[in-house]
Amino acid sequence: MHITFTVAVIALFALVYVFLMTDIRHRTAVAMLGAAATIFVAEVFYGNTEDFWSFIDFETLALLMGMMIIVGILAHSGFFEYLGVRTLQLSKGDPVKFFFGMFFLTAFTSAFLDNVTTVLLMTPLVLYVTAILEIDPMPFLLGEIMASNIGGTATLIGDPPNIMIGTGAGLSFIQFIKYETPISILNVIMAAFFIYFIFKDKFTLKHPDGVEEKIKGFEPDKAIKNRYLMRAGLAILLFVIVLFFVSDIIGVSEAVVALLGGSLALFLVIDHETVEKVVMQVEWTTLLFFMSLFIIVGYLDSTGVLDMVAQWMVKVSGGDKVVLVMVILWGSAVISAFVDNIPFTATMIPVISSLIARDPSLNTHNVLWWALSMGACLGGNGTVIGASANVVVSGIAKKNGIDINFKNYAKVGAPVTIFILIISSVYLYFLATL
Amino acid sequence: MLVKDIYIRDLTAITDDMTVREAIEILYTHRLPGVPLVDEDFRVIGYVSGSSISDVIIPDYVKRLVSTSYFPDIGILAKELASIMDSPVSEVKKWTPVVEEEDTDLTALKLMLEHHRNVLPVVDEENRLRGVITKEAILSAIVHMIDNEKNQEEEEK
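Chains as they are written, first to last, in our numbering: chain A, 1 to 434; chain B, 1 to 157.
Isolated chain B (complex conformation) (with noise of 0.2 Å):
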């Protein structure tokens, strides 16, 4: 199965003139794990989700600790978030790999778990953003393409 057959066909993206904030608005409102980032052309230039921001604002050393449940609630994410909530969203992007529409369904879900991404942007051959593709319309697509083979076998006999 390939890419074109399956991914959606939506454009919300986020653009580098953007705050961090504007694109916690705009993943939430559009209940989005991730979204692409784009230049003024649509250009794919980044990647933006709840994992990229969450990641730059739990600080280095609470990371490397092996729990964090003896902590009392003194406001570290509220602190760091209120560092960066205005500045520009690039400050929260992360690079993404990208799927093209010939690109077959095993690559498209080979990348996501690779680089533990839930949206890949798919793009064209100039890298301008056409829509994305998720794990979950990939199975779907496929769980409807074994259904429809059947349908058709029975439909011969």
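Same shape as in the complex, but just chain A (with noise of 0.2 Å):
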């Protein structure tokens, strides 16, 4: 590699990501124009190799949009608010019952569905049922935002950096179900319980009479607006999430298996004008920025520069595998608690590739994967910047007179994130020393 040329790469990268960090400009407009100039000046110096095309992972693309797809239809349907009052039935008007049943609702709809689409569905039904319960909606905010990030951990499909690794590393929906859900639903309860015992006493309701009768004057079954989509949507993710676990025996990539999904959910919509309505939901800017991340991060793959990495992170730990694992996790935590994970997590599946590479004895288990995957789902409970359900649930509450801030959110934010991650090592622990 031309020097000069790897010293370019590095600096847009660089610039990219200190753009990124700032938030001043849109981080899809930030990586697409840092992959453009990166591809330009690759062109200057090797010509037009097309290189880049080889970087992107379409397979994620494709996972990713045909998820979308089927969570579109989902959310039309009305089916989210149907939950969330079958929920709040449940719970028969008792605060407490009601945190711990969204908090755990949510948790495992995120586990399945994007995360920004869970919490944008459910926020709104959370603030309603607090303001009947007058109630302060706070621990039901945050607790929103931690169970899904937590959720999303779970599988394969469950949060942006796991179907990265998934398709970067080639790990299968199993694989995932066998490390990492057992694990998360531990988080998940965990955390849960934490968040009660740190807002114990605003669960009490001011005016406990009538709140049955309120709770009963609810009609779930209204909710549901279109029950054809609804049912369409649902055989479709059941479907869809059979042919994952039975993915890796016939021989077929989730992305494939989703994009069938996502088809033929649309085919089934039969109206043109909601198939026009899903696609459109479909995050495009968020693939875009995905597309741009992975050329970007392609190319200073090129230049050896990740591998460098990869071999400094050996030095430091000392070869120790316990040592690597808790480095990982602890520091893609760190990092993606003030970084978007997606292009941290981006970054570093081809370090990871490399170190593995090296030493394949380093990653029994796959425990170097999980100790990424990990480290950059939960790290975004950590500031109220750290994941993209951080922002939306604090932008809904701001929109509704509740400050989420930097500062209220590190109180119970950084003590769960902490508390999780320090039982998620635990657990990397005895995986690596297994």
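No wet-lab data here; the hints were simulated from the structure. It is possible that part of the hints are untrue.
[Stated by the list, open to error] Partner residues are not named here, just some residues of chain B that face chain A (Cβ under 7 Å, in silico):
1. R64
2. V66
3. P72
Cβ atoms here follow ideal geometry from the backbone N, Cα and C, with glycine treated the same way.
Reassemble the complex: the two chains are provided individually, in unrelated frames, and hints are given to aid placement.
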């Protein structure tokens, strides 16, 4: 590699990161410009090699798009509000039960569907119910954020970093179920109790009389706006999840399953207008962001810099597997708390690949990948800007006169994150030494 | 056709010293969808309507829900309205486009559709209220114009 080219690519990558951190421009605009500039520089040095096409991980893009279509159809049907209202009725208006119910519901939904969509649909309902019960919405809102981020860690399709890691490292849906789901369930339960104990005295009803009457007045069935869409969406979700489980056996990639499910979902929609709406709601800007990052990181990787980072990490950890796992877990968590975890994961995948290529014995039970996944996903809970779900929930809260800022978020978010990371560390320690 | 041939020379307006409660009274008793908001010199400084008030009293989180039909009646609107009823009317005002007498009917109608307004204030060059124009007034004026032209043609024959 030409040394000037290497320096130019590193400089562009660093510039992109600085812009992403300061947030003064839209992340997609930053990444696209970074990618285009990097391709430009590469072509000046090496001519039109069309290398950049091979850097784009189309499997990740297809998986994201397919799942976004399915979630779009379910969101349109009113299914999420139905679930929320059902949870409310099952809780009989008891704030504690409602808190745990919504926490587990959000975590479960986020494990299979996009976190942002989940909180976008659950947060208004939480605000509405807390207004009726006349209780402080804060623990519920923070619960939504953390449940969605922890729940998202549980499966291959739960969170963008997991999708990238799954396709980038060639890990299957089943492997995520085996190694990440159990610990994520434990993390979800522990986090729910942790937040509950922090806010313990906020769950008392001021006017307990008549609450049960009010709750009885809800008619969850009426929340379903389009019964056909809901049934079709759910059938396809189930179909896709079943296929995910067997994708390894039948030798089909998860991306193709999601693509099949997504297009089948659109086909079942029937009316042209809803198809247009659902396709418009696919987050194309996010997909462009991914595409651009893959290109930037692809060029960076081709210069051998990421390989050097991997070498350095081995050196720092003294070649000790446990130390390396902890460095990846905690390092990823701290960085993801402040920087978007998507570019971070994209950069780390080639680094971890290089580590494994050097010494496959470091990666027993794929422990390095799980450390990256948990660090990147769970670290997002650390600050109010750590993950997209945090930004969405605090944005909605602000519009309704509730201030979730850096400070009051950190008071709960930071201890919960550290607590969850400690549990995850213990788990990864056993996995690494097993 | 020009605005000056169509508009209603009605100077019903809400002044900025009124409360939300008074605005609702005026809108209801005059059966108007919306009324210009003016300062003491009768300069147009905004627009108050049934929509602009509704927009404020429906909480943001309710607007975000796919449906509200499963809600029991727990008096959300009453609670929200009670909190702003006696506040100055500026809390529920919206910005409004305005037209002048020499503007065309097409300009007025397009502005109304674009900004979802039923009523547009008509102002002079110093932004002082001269009257209002509505979609219905424009449509009816055009029908009359077409009829008049036809009648004239027949008379000429």
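Hints, verified against the model:
no.: 1; hint: R64; in the structure: holds (4 Å)
no.: 2; hint: V66; in the structure: holds (4 Å)
no.: 3; hint: P72; in the structure: holds (2 Å)
This entry satisfies every hint, going by the numbered hints stated previously.
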